[in-house]
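K.L.:
For the record, the sequence lines run as chains A and B.
Residues 1 to 138 (our numbering) are what the first sequence spells out, left to right.
Residues 1 to 529 (our numbering) are what the second sequence spells out, left to right.
The hints are simulated quantities; they were obtained by calculation from the structure and are not laboratory data.
Hints should not be assumed to be uniformly reliable.
Here's a subset of chain B near chain A, in silico, CB distances under 10 Å, partners left out [what the hints assert, rightly or not]:
{"hint": "1", "residue": "82"}
{"hint": "2", "residue": "89"}
{"hint": "3", "residue": "91"}
{"hint": "4", "residue": "125"}
{"hint": "5", "residue": "127"}
{"hint": "6", "residue": "128"}
{"hint": "7", "residue": "130"}
{"hint": "8", "residue": "206"}
{"hint": "9", "residue": "209"}
{"hint": "10", "residue": "210"}
{"hint": "11", "residue": "211"}
{"hint": "12", "residue": "213"}
{"hint": "13", "residue": "214"}
Here are the simulated distance ranges between beta carbons [stated by the list, open to error]:
{"hint": "14", "chain 1": "B", "residue 1": "314", "chain 2": "A", "residue 2": "99", "range": "47 to 55 Å"}
{"hint": "15", "chain 1": "B", "residue 1": "138", "chain 2": "A", "residue 2": "23", "range": "27 to 35 Å"}
{"hint": "16", "chain 1": "B", "residue 1": "177", "chain 2": "A", "residue 2": "33", "range": "41 to 49 Å"}
{"hint": "17", "chain 1": "B", "residue 1": "152", "chain 2": "A", "residue 2": "132", "range": "44 to 52 Å"}
{"hint": "18", "chain 1": "A", "residue 1": "128", "chain 2": "B", "residue 2": "138", "range": "41 to 49 Å"}
{"hint": "19", "chain 1": "B", "residue 1": "178", "chain 2": "A", "residue 2": "132", "range": "35 to 43 Å"}
{"hint": "20", "chain 1": "B", "residue 1": "165", "chain 2": "A", "residue 2": "38", "range": "50 to 58 Å"}
{"hint": "21", "chain 1": "B", "residue 1": "146", "chain 2": "A", "residue 2": "38", "range": "28 to 36 Å"}
{"hint": "22", "chain 1": "B", "residue 1": "152", "chain 2": "A", "residue 2": "67", "range": "20 to 28 Å"}
{"hint": "23", "chain 1": "A", "residue 1": "38", "chain 2": "B", "residue 2": "138", "range": "32 to 40 Å"}
{"hint": "24", "chain 1": "B", "residue 1": "113", "chain 2": "A", "residue 2": "80", "range": "33 to 41 Å"}
{"hint": "25", "chain 1": "A", "residue 1": "33", "chain 2": "B", "residue 2": "152", "range": "49 to 57 Å"}
Every residue gets a Cβ at the ideal spot worked out from N, C-alpha and C, and that includes glycine.
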Amino acid sequence: MKISLVLLIAWLMALNSDGASAEVVAVVSAQSTITALSPTEIADIFLGKRARLPGGGTAVPIDQAEDSPEREEFYVRYAGRTPVEMKMHWSKLIFTGRGQPPRQVRDAEAVKAALAAQPNAIGYLDRRYVDESLTVLE
Amino acid sequence: MNVNESVSIERAERKPDVPEARMHARPSHLLADPRLQFPVIGLALLALIWLGTWMLVDSEYRGARAAAATATTKLAGIYEAQVVRALREVDLTLRFVQHAYEDGLARADTSEPMLPALAERNLLPPDLLFVVSITDDEGRIVERTRSPGIDDVAGLPWFDGQRIADDFLISTPQFIPQADSWVVHFSRRLDAADGSFAGIAIVTVDAAFFVSGYEFSDLGMQGVLGILGSDGVFRARRSGDAMAYGETVDYEALVAANADTADIDVNAWDGVTRYTAVRELFGFPLAVVVGLAEAEQLATVKQSTRTQLWQAFGAGVVMLLGVAVFGRMSWELQRSRIALLAHQVAYARRVEYEAYHDTLTGLANRSLFNRLLSHSVQQAKRNQRSFSLLFMDLDRFKLINDTLGHDAGDELLRDVAKRLSVAVRSSDTVARLGGDEFVVLLPEQNDVEQLTAVSTRILDAVREPFLLAGNDVTITVSIGISSYPHDGLDEQTLTKNADLAMYQAKKEGRNLFRFYADLPPSGKQATAS
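For reference, chain A alone in the conformation it holds in the complex:
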């Protein structure tokens, strides 16, 4: 009985991690000088609160499409904000002239292309799109 309960819980947990929408990770180009950034630093860069990179240079955040699941997942996970809250956030920053939202690209492939083109660019995508051209910031 006890063993079956433990098994059930383990199975449920496995199901949960499997069943959750894909895990979104922050990435930079493998050629980038950036190798490590804390989740807070990443969130600040994407919220427009920080532009300078630790090693110098200006960070260039790259967003995915507004209605993409990766984008929602990324902001909930790193900044703890829902799409509606993000819209309010940028609305205020743009209106008060204190910032512009990150450049927006179509999909994961476009993110890779953007990262390859700019050494200071930071993006996010589903872990399964990670390849050798990228460094995952963890």
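Following the hints, put chain B in place on chain A, whose structure we already have.
P.N.:
Just chain B now, kept in the frame of chain A:
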């Protein structure tokens, strides 16, 4: 002897009593009385405390009001600049699209969509909040960055308006159910190559964007930020987290009431009283509305003045208690001083009374009689008046003293004194000179008949039997009478002559009265009495 002394004697004749003494010892000035003095001081201090507090509270309120008005004006200035910049950016986007459209016409390449190219070159505003679209001359959307929430703008005023001439036109707010949000459309005219109407360019903006500058730290939960069309329709209005779109207000009245200074205004749209500033934008048919809720702005000062009022109240209570305690102490001190003074005065008065009165009978004694006599002589001399003296000596008093005892003798003297006092007028003075000798001083009196009547009354009164130690005792009196001025002009002569007359009465058989004037020459010789 002067009048004052006479008065003092008169007073001395009264029985001394403490209440009267206290009355005379009362402080002369009302304010010197602690029962009045301390309440007055207390009330004055209380008035001072409350006046000071009132002035402080008043100045704090005035400061807070002025600060709220100033803050409103400042915020309105900032908000105005932000809105104008946002509108300019929207207009700039429309002009880019106009320009790109005309460029496309020039290249005769109208089939190619033009917006992606603009987006590529970062010439369009962020997709998140701004949607750019283009219509044909019928009002159908032919190209767009996203869905503007509308497919056909034919018949709408901001479309039809562009048919006439190019203008920066602003729609009223429109609700987009799919996005669950309100938007405002801004438009400009697109010209065909021949200058004819070809359609419009539209920038659709989330209406909330225009009030997203709402800072809770500045505006609180009840402040207001709004963008109002000159048509009286709010494009967006925000108070705290509450948004409203498309409300209609009286634009002219609102502008007229709040254009110059940030005045207190009960805002028509939600009934909240605010310091309200309305600024009409230059070059746009819009005005910005900024308001700070009075209740919120004055909450701090209200709190602090409430504290001050409580402090003033507390200080007042403490002060009053202090004054009451001091007042009480002071009053007790003064009361004990007054009591002491009264006691001293009463004592002095009793001593004086005893000095001038006979302790046995309560009649005036020899000292007082002498003073009254001198006084009478002076008065009579000055005013040409007369007075008379009746000298009396009880007949065979020694016999009663010896047979019935001293106590009976004393009682008899007291009874005689009473009868004498009854027999004379109230203005006459009866004195006991010592032993069984009495004298009556009759002011303003030298009429023989009157004196005869008085003397007869005295003889009759004394002759009535006395009840002494259970015995009926009968005693008589001999009276000698002298009158001023004809029996003498000074005290000694008058006394001596009255005494001589009395002596003559004794000689003639007692129980008689004799006038000095009637004495035989032998009787007028001074002999031992």
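K.L.:
Each hint needs a verdict: does it hold in this structure or not?
P.N.:
Outcome of the hint check:
1. 82: 6 Å, holds
2. 89: The hint holds - residue 89 of chain B has a Cβ within 10 Å of chain A, the shortest such distance being about 9 Å.
3. 91: 16 Å, violated
4. 125: 8 Å, holds
5. 127: 6 Å, holds
6. 128: 6 Å, holds
7. 130: 9 Å, holds
8. 206: For residue 206 of chain B, the interface hint holds, since the closest Cβ of chain A sits about 7 Å away, which is under 10 Å.
9. 209: 5 Å, holds
10. 210: 7 Å, holds
11. 211: Holds. Min distance 8 Å.
12. 213: With Cβ-Cβ at 5 Å, under 10 Å, it holds.
13. 214: Because about 8 Å separates residue 214 of chain B from the closest Cβ in chain A, which is inside the 10 Å limit, the hint holds.
14. B:314 x A:99: 47 to 55 Å: 53 Å, holds
15. B:138 x A:23: 27 to 35 Å: About 49 Å separates the Cβ atoms of residue 138 of chain B and residue 23 of chain A, which means 27 to 35 Å is violated.
16. B:177 x A:33: 41 to 49 Å: 47 Å, holds
17. B:152 x A:132: 44 to 52 Å: 51 Å, holds
18. A:128 x B:138: 41 to 49 Å: 47 Å, holds
19. B:178 x A:132: 35 to 43 Å: 41 Å, holds
20. B:165 x A:38: 50 to 58 Å: At roughly 56 Å between Cβ atoms, residue 38 of chain A and residue 165 of chain B fall inside 50 to 58 Å, so the hint holds.
21. B:146 x A:38: 28 to 36 Å: 34 Å, holds
22. B:152 x A:67: 20 to 28 Å: 24 Å, holds
23. A:38 x B:138: 32 to 40 Å: 55 Å, violated
24. B:113 x A:80: 33 to 41 Å: 38 Å, holds
25. A:33 x B:152: 49 to 57 Å: 52 Å, holds
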